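Visitor: Sequence:
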Amino acid sequence: MASAVSRPIANLERYFLGLGNARMFYNVAIGTRLRFQPSNGPKELPRDKDQWLALLVPALATVLQRHPLMNTYIADHLASTPTFQAMSSIDLSKIVAVDSIQQPEDIAKLLQVEHDKPFDLANHAVPLWRIMVVQVVGDGTFYLLYFYHHSLSDGRSSAVFTEQLIDALNHPNNTVPELVASNNPWTITCPTAPLPLPMEQRVEGTPSLKTLVRHFLNLFILPARLKMALETPYWAGEFPSTLTGPNKTQIGVVVLTPEETDQVIAAAKREKTTVNSVLFTSLLFAIKSVFHSGRHNDNDKEELPTTTKDLFKASTMVCPRQLFSPVVERSEHVLFIAELVSQGHCVKLETPFWDFTRAYHAQVIEVQTPEACRKLLEFYGTLDYMSKTPQGYERALHRRYVRQQHGREGTVRTSNIGVGWRGQEREDLAFKVLHPVFSQSAVTTGPVFTFCIATGGGSLVVSNAWEREAFQSRERADRVLEEFRRIVVEACQEGQERYLFRDVVVSA
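Take the sequence shown: its letter number 363 is residue 363 in full-length UniProt numbering, and every next letter is one higher.
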């Protein structure tokens, strides 16, 4: 049931709503694998959905009071001016699901299935998110996953929500009954607080004349073939994107051990760079090794990689919350991101791992100022000029993306939410964090690979999402994360200051 609390959806939120409406992109998942420690809490884990609801409802009722945007649906989602509309109550039994897997590694298969499930935005009885509990059979651990529509928030604030939920499970609130409906133990009362302001009302992102001219040239004036011919070429999978079939996501996940994670952190400090830049280089080296190296070609195992033609276009999600005044706190559940795009990355046989890493790190540092971030945000300002007719926005997105090379925005996108869940790996807690989970649906016409990165419980976790139709089979795409793990561990060993891509090929 709706209340009077509502606000129009802003440009960045509308962008992700449009992707969903156009069936290009569905959802994001973030959560953790938890170990149940009965000596510090309940005697045993719940065995069915009702028991899980009994455990989760008090915790969710507590945390949701802090995040009014989570208690909304989108009204008129296909109209020219959709709005967030607040709900007065939420029946959690409709958005909490329970499942099980045999091995922890099976979580990738489950994520793959869930990422192909779009939210039904016409159903106003449920919000734009859901919770999933996935028990690992026989080992006392389970995954607690939060799936959400990307128009709601970014990865960092969603990670905070999961931290708060785990805290609420470990430290139950005795006043929760006041928030639960008397006629339904699974229904909670929503807060009536105002909805948080969108990014565009906090940061000036009006596009410059140069940005507007470039936008209209690329979208409307230049013929598609001429536009693509003028751009730097880049590799984007084995097959071009198509909008004719359904968007099917495939997922891979790799979990570094605490020892491997410490090794990466130590190497980044030693080489005066960041973990994020180390991971970025490792991922590009892995893609080059798998797709452009005879070491992974069954017909010619001795063929060396090409050195000039396989250029990569990359984008990195940055979260400029701390760059503006007033600061947008990490705990505020709202969408606040920008995207740094870099082109022409070339990995040659003699490319030094650490020089490549430091060069990329310098690019990221350049946008860590308010003015530089405002320039990145100008893209979302151009969305003001999209069609205002019903579904005109979605048609414009189709037009924009099919005018990309291969029908895809680039080679790779990385999104790293950093370190979270601090203090939740303690042995004295009933629910101890072992490691995080962070992944998302593939974007039909987005970069061919989307890597989501998170660190918690001492372990760094990387997931990879790609559209099934981008490759003949998933074998080589899966191999990218295997190569990534090998490369990042090798490069971060002491004495590898001159680690080259040639070393990657030789040691394969």
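Derived by calculation from the structure, the hints in this document are not laboratory data.
Quick caveat, the model's predicted, so the values are computed rather than measured.
Note that CB positions come from ideal geometry on N, CA and C, so glycine has one too.
Each hint should be verified, as a subset may be incorrect.
Unchecked claim - Within a straight-line C-alpha distance of at most 25 Å, the following computed PhoX-like cross-link-like pairs (lysine-lysine) qualify:
#	residue 1	residue 2
1	K348	K375
2	K227	K248
3	K117	K248
To be verified - Label-pair distances were calculated between CB atoms; the ranges are:
#	residue 1	residue 2	range
4	Q493	T369	28 to 36 Å
5	V327	A54	53 to 61 Å
6	S89	S342	29 to 37 Å
7	S93	E329	29 to 37 Å
8	V402	L311	42 to 50 Å
Visitor: Give a verdict on every hint.
Guide: Checked hints:
The hinted pair formed by K348 and K375 fails the criterion: a straight-line CA distance of about 31 Å is larger than 25 Å. For the suggested pair K227 and K248, the alpha carbons sit about 28 Å apart, so the restraint of at most 25 Å is broken. Restraint check: the Cα-Cα separation between K117 and K248 comes to about 10 Å, which is no more than 25 Å; the hinted pair holds. Checking the proposed 28 to 36 Å range against Q493 and T369 shows it holds: the Cβ atoms sit about 34 Å from each other.
Range check, V327 to A54: about 38 Å between beta-carbon atoms, so the 53 to 61 Å window is missed. At roughly 46 Å, the beta carbons of S89 and S342 sit outside the given window of 29 to 37 Å. Between S93 and E329 the beta carbon distance is about 32 Å. The supplied range of 29 to 37 Å therefore holds. At about 21 Å, the beta-carbon gap between V402 and L311 misses the expected band of 42 to 50 Å.
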